[in-house]
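Chains as they are written, first to last, in the numbering used here: chain A, 1 to 266; chain B, 1001 to 1330; chain C, 2001 to 2413; chain D, 3001 to 3311.
Check before you lean on any hint, since a few could be wrong.
Unchecked claim - Straight-line Cα separation of at most 25 Å, SDA-like style, residue types lysine to any residue; simulated pairs:
no. : chain 1 : residue 1 : chain 2 : residue 2
1   : C       : Lys-2123  : D       : Ser-3002
2   : B       : Lys-1119  : B       : Thr-1130
3   : C       : Lys-2122  : D       : Arg-3296
To be verified - To be clear about the criterion: a stretch of chain D counts as covered by chain A if any three or more of its residues have a C-beta under 8 Å from a C-beta of chain A, and this derived list gives those stretches:
no. : segment
4   : 3101-3111
5   : 3188-3201
Honestly, the hints are just simulated from the structure, not real lab data.
We treat Cβ as the ideally placed atom computed from N, Cα and C, and that holds for glycine.
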Amino acid sequence: MTHSAGSPAPPILVVEDVHKSFGGVRAVAGASFALQRGAITALIGPNGAGKTTLFDLITGFAAPDAGAIRFEGKPIEGLPPHSVTRRGLVRTFQLTRVFAAMTVLDNMMLAGRGQPGEGLLQLIARRTAGQRVEGEVRERALAALHRFDLDGKAGDYAGTLSGGQRKLLELARALMTDPTLVLLDEPMAGVNRVLGSRLLDDVEELRRTAGMTFLFVEHDMDIVMRRADHVIVMAEGAVIAEGSPDAIRADPRVIDAYLGQARSRT
Amino acid sequence: MIEEASAPPSPRWHSRLPPAAWLALVIIAALALLAGVKGPVEAGQATINGLVDAGYVALGAVGLTLIFGILRIINFAHGDFLTLGAYVALMIAASGLPIWLAAALAILVTAAVAAALDKLVWEPMRRMQTSTLQLLLAAIGIALVLRYTIQFFAGSQVRSFGQDILSAVNLGPWHLGTLQLVALLAGIALIVAVGLGLRFTAVGKQMRALSDNMALAEVTGIDTRGAIRLTWIVAGALAAIAGILYAAAVGTINPNFGSLILLSLFTAAVLGGIGNAYGALLGGIVIGLAQEWSTLFLNARWKPAVGFAILILTLLVLPRGIFGRVPART
Amino acid sequence: MLRRLMMGTLFATGISLAAVSTAPADPINLTIGKLLELTGPLSETGPSQDKAIKLAIDYANKAAAAAGVDIKAADVGADVQGDPQAALSAARALVAKGASCLIGPSITPESIAIANGLTIQKKITIWPVGTSMRLRTIKDEGTIFRTVPPDSLQALALVAGIIDKLGTASGKLVSIAYRNEPYGEGLAKDFKAAWEAKGGKTQGPVVFDPNQATFDSEAGEIVANNPDAYVIIDYPDTFAKLGASLVRTGKFDATKLFVPDALAFSTVPGNIPAQAIEGARGTRGGTPTDTDAYKVFDKLWETAGGAEHFSLDANSFDSTTLCMLAAVAGKSADPAAIQEHVRAVTTPGAPKFYLTTLSDAFKAVAGGEKIDYVGVAGAFEFAANGDPTISRFDIFEYRAGKLAVLKQIDAAK
Amino acid sequence: MSILNADFWIGVGVIAGIYGIFALGLQLNVGLTGLLNLGQAGFMCIGAYAMGMLVVDAGWPILATLPVAIAAAVLAGVLVGLPSLRLRSDYFAIATIAFAEIVRYVLQNAAFAGGNQGIIGYDAEWRDFAAWASDRLAAIGLGEQMQLPLLFSIWLVFALCVAVLRWLRRTPWGRVLTAIREDEDAAAALGKNVLAFKLQSLAIAAALAAIAGFFLALNVTYLYPGEFDPTFTFFGYAVLILGGFASYGGVVLGTIVLWTLIEGLRFLDLPLSSGEVGSLRFVLVGLTLVVLSMARPQGLLGRRAEMQLRQ
């Protein structure tokens, strides 16, 4: 079922029969899917479906009890988060995580990859290279901030930003790591519609210009239907359906899962 | 709560048997092994001595673990609350009142001091949303104030309740001091009472809610101030009881004694899993048994080091202590 | 008020006497520094040291006044906190307040920090109560005097004391235990070597941490194998706990127990269980005559109220007295003058004076005589390094809670 | 005025400097990396003992032992950090204190380092140097204060350490540490090897502790296990929190304020017994700590804005 899309290019990420329990609670139970390169895929499902846990498993914040995860054809399950990121797979968090007591610019510059200045020995041994890279990282960070309309805030503490601005900063910061695949956990939550749609415009543009792949978790069905090329539906830790937005909209299992959720909520 | 999961995944057996049952099995197996190697008399006596140790430590550790688990304060002053309880009881008893009445009054006084400190120090700091570190500094300061105020009035020389610490209960070839037995049983009873109180009473549930999420508890209409104040009162009373039992059963104390056993209390609390009343007891038992059993093989001079080594080894296997939860996530 | 009046009268009489008998010398205003363990791990020892030094100053001031010797000592105190850095700072504070000699501190690392960091350079005498031989590894240039016998001598005394009881060392098993500190470690090591050299056997040592809650396992090990004697090197506060544990084993026999000077008290402290110590024997630096001085000291102690006896308080008392005598001999409160004249008041072969004749001692010293002052804790004929040469030790026994001297021995033989 | 005694205040300056260097390591760990290291006294102990043993047992020149002492402490930092840095911060704190206590008990009970008797006699070369320096100082009228050479050396090294740490803080390396303090998961998600950076932070703190231990040994001239009990670490924390979170200047100010307070109170003259004055002194120290932690929660030089942002 994971290879039903039949695209000629190999998938950028493959998740195969992944399991994860916490103290007896099965958070992810046999999830499998594949992500097409250059696509924008939405991951949906009711609360408690295991979406965030799945993100954690993919990005190394938790190790699966069983199953395989392959990024660019290579297994990454159980790797620490920083190794996963260095391979080009970056994520954001459901609750935004900015470095509050650092400036917005420092938040951005931190994320730049390959900085000699981050090594104690290289600080001395490669002093000039370090200073050059630092300059370049600064340029890139400022350019990115400009792109996201945050350049006016560069010198402010990130903790002073509004919720929406934090979401933008988190995305901009993630992009500083030069990723090929970006996992966004509820990028729209707490963001006003105008800003939210700016953000998604940016995502679409990045996909178009830089060929990046995106997987995002979202609850707003309108946005999912309008923006996603492909939709994966999770319930109770497993993938219960996937396909184009239109196909998903009509899938009875999806409706069931959501109705069940709605019933339990009342 | 990603941070929660960055700990290594718990071993599989963890989810099948409750940790306490595992611990009991390990202890029984170890005891059988020791009895085989060293003879049942020696092994049994070391075990009894270990349980006595555990009794002393566990009761003190409960208050510590409550404060840490619920309020996130590393209360470096907790040991000095033990001292306070014991000294107030000593001073009241010196005025001629019967010892049980002196003890009861001392428990009230210590609880009142704990409540007053909450009002004067901790609550204002909570309102200012002070960081954990600043709370640590305040706790160090309070510890110094308590310890040396006691010393100012009572002097630094050793004191004693003058209870009969010589009488012993003999169980076949084994023996333990009568007062040690009383302290041990009282400790276990109180810990169980605290554990049940946390689980079944309304206030207990509120306290646990605070420990899970202070902000959420506040939103859901829990009287957080009242619950916090009560936490301090309970912790203060428990500390006083621990201090009095310790002073009576050990026989001799000076104003430093509470601060000197503070590290053992922390060790027991952490080993058991921070925030868990039974954990404090189990942590105390593990440390106590390990230390006393070690004397069967090593010189007693290594006892303190053995306790700390056991703590580190346990944390390597169970990063959250024996009862520490690896929380489920959605 | 009345007391002050009496003191004043005494003082006035002293001055008038001095004016009559000798040429008027400059009055000596001596400040004695007390290095006390007031806080920290040894804080239980502070109050008794403080009291001992104060009693000594009071008593000697009166004795000097009665003799018409114009010296007036006062005390200043500072907290050494059981920590060498703090001890050094405390000593500096005392010197800043004018102290000419320093009584204490309790542990050898503190003494060494103070000597190296301050007192050697300023030629100020210090009078520590620590017994470690490590103290003598530094070049103190004659500034450190000890009135407590060093470990090596006392170990020999303990051996002699046990042989006295058991008849022989040969084949006899002694169980050794000590509180985990330099004092116990040093003494236990010396004792073990001395006992085994006499053909005896030892077990242990059982080494215990003073801060633990239970001593039952340790007690069990001490009484294991039913030894012929136990040597327990401890302080009273820990022994109160360990003693109870020993009794609870049901196998402990206090008459087999031998203790060193740190557990020697004229009256056993109330918190040490009688069954743990009644009939026990011990050693301490001995006096060559009857212990009248100790009785006077004990009476002063009881009358004053306050802190109970603790280990080595008599030694601090004696050190203070010697310092005042040396100041009179040197006719000055100058630290260097005191240092130079310590030996003049502890000269072997010179006329002996005791606490009971302190007034006469002052008079003799003021007259330029050399004397041999014998203190409460014994005679102090200082060796070249400033340690007592005395090899005479009391062997005592606790009877009905009181210390009774059985005999005296010469530990060097 | 006896309180103006130069010897005394030079001595206080020596202690303040030693605690200052010690607390710089804590500041790096707690203030800049978010590591609650309660085992700093253990690292100091290892550094000091390495120096003492190399001089006394192996006859090394004292200065040559300093790099080895630092290396020993750094190695200990890595060995302790590798397993324990995976723990949650409060458990890490207790694990480090357990480590420091184990170090102390091993040195007390094992035979190789002198046990309770400790190590003595390693400072001859230093004393020669100090005497030489004192002679030079005598030329400008400062020859009487024998601790001046030690004071100058300590504060010179202290200043140097502050300068290096302040520079490091502004480098990309320091930026990563700050990010880890703020949110280590986010830092990991951005490709930073959190464990490696924490290890480096702990190792540098251990190195600073070793330097502090080196000077402590020179000051007290006698090394024994009791000197390195956890109280040392707690007073280090008092210095750190008093001075201000995440501020190296705060450490300098904090150590001066704390030790002026603690030692200055020795001149408190009250009509009380020695024991009462001794107690009162620490009651006042304690009260000051409580009041300061309430009145100035960010510390003397800490930034309140940063503190609030972190909530």
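Tested hints:
1. Lys-2123/C <-> Ser-3002/D: 19 Å, holds
2. Lys-1119/B <-> Thr-1130/B: 15 Å, holds
3. Lys-2122/C <-> Arg-3296/D: At roughly 43 Å apart (the allowed maximum being 25 Å), Arg-3296/D and Lys-2122/C break the hint.
4. 3101-3111: violated (count 0)
5. 3188-3201: holds (count 9)
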